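K.L.:
So you can see what is in the structure, the chains are spelled out below.
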Amino acid sequence: MNKIMFFAHLRDRVGEESVINDVSGKTISELKQMLEEKYGLKLDSVMAAVNEEFASDDEVIQAGDTIAFIPPVSGG
Amino acid sequence: MNFEISKDPIDIQSVIDKVVQREAGAITTFIGTVRELTHGKKTLYLIYEAYESMAVKKLEQIGTEIKERWNGAEVAITHRTGKLDITDVAVVIAVSTPHRADAYEANRYAIERIKEIVPIWKKEHWEDGEEWIGNQLETVAYPKGKPEAKDLHE
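In order, the protein sequence lines correspond to chains A and B.
Numbering of the first sequence is given in my numbering, commencing with residue 5 and proceeding in unit increments.
Numbering of the second sequence is given in my numbering, commencing with residue 2 and proceeding in unit increments.
Misleading hints may appear alongside valid ones.
The following label-pair restraints were derived from C-beta to C-beta distances [said to hold, decoys possible]:
#1 K46(A) to R36(B): 45 to 51 Å
#2 K116(B) to V23(A): 42 to 48 Å
#3 Q37(A) to G83(B): 32 to 38 Å
#4 I48(B) to E41(A): 37 to 43 Å
#5 I112(B) to E56(A): 18 to 24 Å
#6 D129(B) to G68(A): 43 to 49 Å
#7 E53(B) to D16(A): 17 to 23 Å
#8 H100(B) to N25(A): 49 to 55 Å
#9 S49(A) to Q22(B): 39 to 45 Å
#10 E56(A) to D9(B): 48 to 54 Å
#11 Q22(B) to M38(A): 49 to 55 Å
#12 Q62(B) to G68(A): 20 to 26 Å
Each computed DSS-like pair below joins lysine-lysine, with the alpha-carbon atoms no more than 30 Å apart [unchecked claim]:
#13 K7(A) to K8(B)
#14 K58(B) to K30(A)
#15 K46(A) to K68(B)
#16 K7(A) to K116(B)
#17 K19(B) to K8(B)
#18 K116(B) to K68(B)
#19 K46(A) to K84(B)
#20 K42(A) to K7(A)
#21 K42(B) to K8(B)
#22 K46(A) to K42(B)
#23 K84(B) to K7(A)
#24 K84(B) to K58(B)
#25 K46(A) to K19(B)
#26 K7(A) to K58(B)
Quick partial rundown of chain B residues pointing at chain A, CB under 10 Å, derived from the structure [stated by the list, open to error]:
#27 L38
#28 K42
#29 K43
#30 A91
#31 Y110
#32 E113
#33 E117
#34 G130
#35 I134
Derived from the structure by calculation, the hints contain no laboratory data.
If you're wondering where the values come from, they're calculated on a predicted model, not measured in any experiment.
By construction, the Cβ of each residue, glycine as well, lies at the ideal position given by its N, Cα and C atoms.
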């Protein structure tokens, strides 16, 4: 299974901080498309992190990976 | 623990104390505070949220980058989360180096990098609404899904 985490406006839109789903074998790009359709999100300017490290759109998700969607950051 | 996310008010001196070293000739401290007016619009308060475990890793990465670029540097960064009022301290960065020019430069580098790679977001609350900053303005877009080399290594 995979934990999929949402932050900032994405969490507000999804209504959950995280969801558990088996998305192993999919690429980040495929997962983004799935989530865009399911929740009406716009993820083209959103970064993904796999296991707390930035990941590219073509990275393939493995079983047990934690995926986080990171909108452009605004700390500081 | 030189790199921290804190739900409690930041003790500025304790961040500075972490970079004290006999080799240092300078310590620079950056204190980021909550501003009331942004382009004339009045902020009531902010909420900062972090992906805490990753944010700590990315702060550590910034520390490592600074040590690679500025010889003999020591770095400590604490970023606040939660509700912050006007004038509250949001972030404290302390850098010590043997010579002062490096301490200024490295400290500036740290805050600019925080704004690029550390997963922390602020939600502005105004009299007439609220909004997560960094979302709809899309001042920084990542067309390839993550910061590119030029974003990461500027």
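K.L.:
A separate judgement is required for each hint: does it hold in the structure or not?
P.N.:
The hints, checked one at a time:
| no. | hint | in the structure |
| --- | --- | --- |
| 1 | K46(A) to R36(B): 45 to 51 Å | 28 Å, violated |
| 2 | K116(B) to V23(A): 42 to 48 Å | 29 Å, violated |
| 3 | Q37(A) to G83(B): 32 to 38 Å | 34 Å, holds |
| 4 | I48(B) to E41(A): 37 to 43 Å | 29 Å, violated |
| 5 | I112(B) to E56(A): 18 to 24 Å | 22 Å, holds |
| 6 | D129(B) to G68(A): 43 to 49 Å | 45 Å, holds |
| 7 | E53(B) to D16(A): 17 to 23 Å | 19 Å, holds |
| 8 | H100(B) to N25(A): 49 to 55 Å | 53 Å, holds |
| 9 | S49(A) to Q22(B): 39 to 45 Å | 41 Å, holds |
| 10 | E56(A) to D9(B): 48 to 54 Å | 23 Å, violated |
| 11 | Q22(B) to M38(A): 49 to 55 Å | 50 Å, holds |
| 12 | Q62(B) to G68(A): 20 to 26 Å | 23 Å, holds |
| 13 | K7(A) to K8(B) | 24 Å, holds |
| 14 | K58(B) to K30(A) | 26 Å, holds |
| 15 | K46(A) to K68(B) | 37 Å, violated |
| 16 | K7(A) to K116(B) | 26 Å, holds |
| 17 | K19(B) to K8(B) | 19 Å, holds |
| 18 | K116(B) to K68(B) | 19 Å, holds |
| 19 | K46(A) to K84(B) | 27 Å, holds |
| 20 | K42(A) to K7(A) | 16 Å, holds |
| 21 | K42(B) to K8(B) | 26 Å, holds |
| 22 | K46(A) to K42(B) | 27 Å, holds |
| 23 | K84(B) to K7(A) | 27 Å, holds |
| 24 | K84(B) to K58(B) | 23 Å, holds |
| 25 | K46(A) to K19(B) | 41 Å, violated |
| 26 | K7(A) to K58(B) | 19 Å, holds |
| 27 | L38 | 17 Å, violated |
| 28 | K42 | 15 Å, violated |
| 29 | K43 | 18 Å, violated |
| 30 | A91 | 7 Å, holds |
| 31 | Y110 | 13 Å, violated |
| 32 | E113 | 8 Å, holds |
| 33 | E117 | 7 Å, holds |
| 34 | G130 | 13 Å, violated |
| 35 | I134 | 4 Å, holds |
When the structure is compared with the earlier hints, violations turn up for hints 1, 2, 4, 10, 15, 25, 27, 28, 29, 31 and 34 and for no others.
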